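Asks: Required output: the full structure, derived from the provided sequences and hints.
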Amino acid sequence: MQCQVLLFAQLAQTIGKDRITIELSNGATVNEALNELAQEHKTIAQMRNSIAVAINEQYCNTNTEIKDGDTLALIPPVSGG
Amino acid sequence: MTNSEPIIDVKLVNHPVSVSAIEPFPAQAGTECIFLGRTRSETHPDHGKLVRLEYEVYTTMAVHQLRDLAQQSINQFDCLAVRIHHSLGTIQIGEASVLVQVACGHRDKSFEACRFLIDQLKQVVPIWKCEIWEDGFTWSESATEVKKGIS
Numbered sequence: 001m002q003c004q005v006l007l008f009a010q011l012a013q014t015i016g017k018d019r020i021t022i023e024l025s026n027g028a029t030v031n032e033a034l035n036e037l038a039q040e041h042k043t044i045a046q047m048r049n050s051i052a053v054a055i056n057e058q059y060c061n062t063n064t065e066i067k068d069g070d071t072l073a074l075i076p077p078v079s080g081g
Numbered sequence: 001m002t003n004s005e006p007i008i009d010v011k012l013v014n015h016p017v018s019v020s021a022i023e024p025f026p027a028q029a030g031t032e033c034i035f036l037g038r039t040r041s042e043t044h045p046d047h048g049k050l051v052r053l054e055y056e057v058y059t060t061m062a063v064h065q066l067r068d069l070a071q072q073s074i075n076q077f078d079c080l081a082v083r084i085h086h087s088l089g090t091i092q093i094g095e096a097s098v099l100v101q102v103a104c105g106h107r108d109k110s111f112e113a114c115r116f117l118i119d120q121l122k123q124v125v126p127i128w129k130c131e132i133w134e135d136g137f138t139w140s141e142s143a144t145e146v147k148k149g150i151s
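In order, the protein sequence lines correspond to chains W and V. For the first sequence, this note's numbering gives the first residue as 1, with consecutive numbering after it. For the second sequence, this note's numbering gives the first residue as 1, with consecutive numbering after it.
No lab work stands behind these hints: they were computed from the structure. A quick note: this is a predicted structure, and the numbers were derived from the prediction, not measured. Keep in mind that a hint or two might mislead.
Derived lysine to aspartate or glutamate pairs resembling DMTMM-like cross-links, with alpha carbons at most 20 Å apart [stated by the list, open to error]:
(1) W:Lys17 x V:Glu56
(2) V:Lys11 x W:Glu57
(3) V:Lys147 x W:Glu57
(4) V:Lys122 x V:Glu56
(5) V:Lys122 x W:Glu57
(6) V:Lys147 x W:Glu65
(7) V:Lys11 x V:Glu23
(8) V:Lys49 x V:Glu95
(9) W:Lys17 x V:Glu54
Replies: As structure tokens, this is what we get:
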């Protein structure tokens, strides 16, 4: 299944895109998606431990299963206010 | 004045935020607490003086998160009105980028609710501050890793 991944802040700036599409097997978890993304993008590998993940605008944990059509977002450390 | 449901006013704006009256003002609210976050002048050891800030936001998720926080403050502190406004884009030195404004029956809960909201905003809402210096830029070095939902 294809999965859209939204990027923000330093991730988007370094990678040069605000979204990436990746191919995942059915039943893949967030952790597996991160593995795939980290292999392709050094910045994601480097920041992996500090990135939170949201699926369809809800924070989730790395064991969460991704469903077809889900939108992932990689959330670097936040700095609002 | 009104005795109706608590007011929630959450907004992302393309300009500095400012304070305005909550209307209609809840009849049972005896207190109002207002927090404004402004951009202060700073100097970076490597990049010189701060020129301005640029805010990036995951807008749809940020609005949902801010509404959730507003509802939490209503549940936890009996707020009768909650307003949270945050700027997108460019903010100059001295300008305000975040407004938290709450109305409660009494002052203890007003102060607590206001503090809760700005503290939580800074910890969980997907907003990022890019600091533009005289010589270079940094993504805020005081950024907070979101702990929610992580295992």
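Asks: Any of the earlier hints contradicted here, and which numbers?
Replies: Hint check: nothing fails, all pass.
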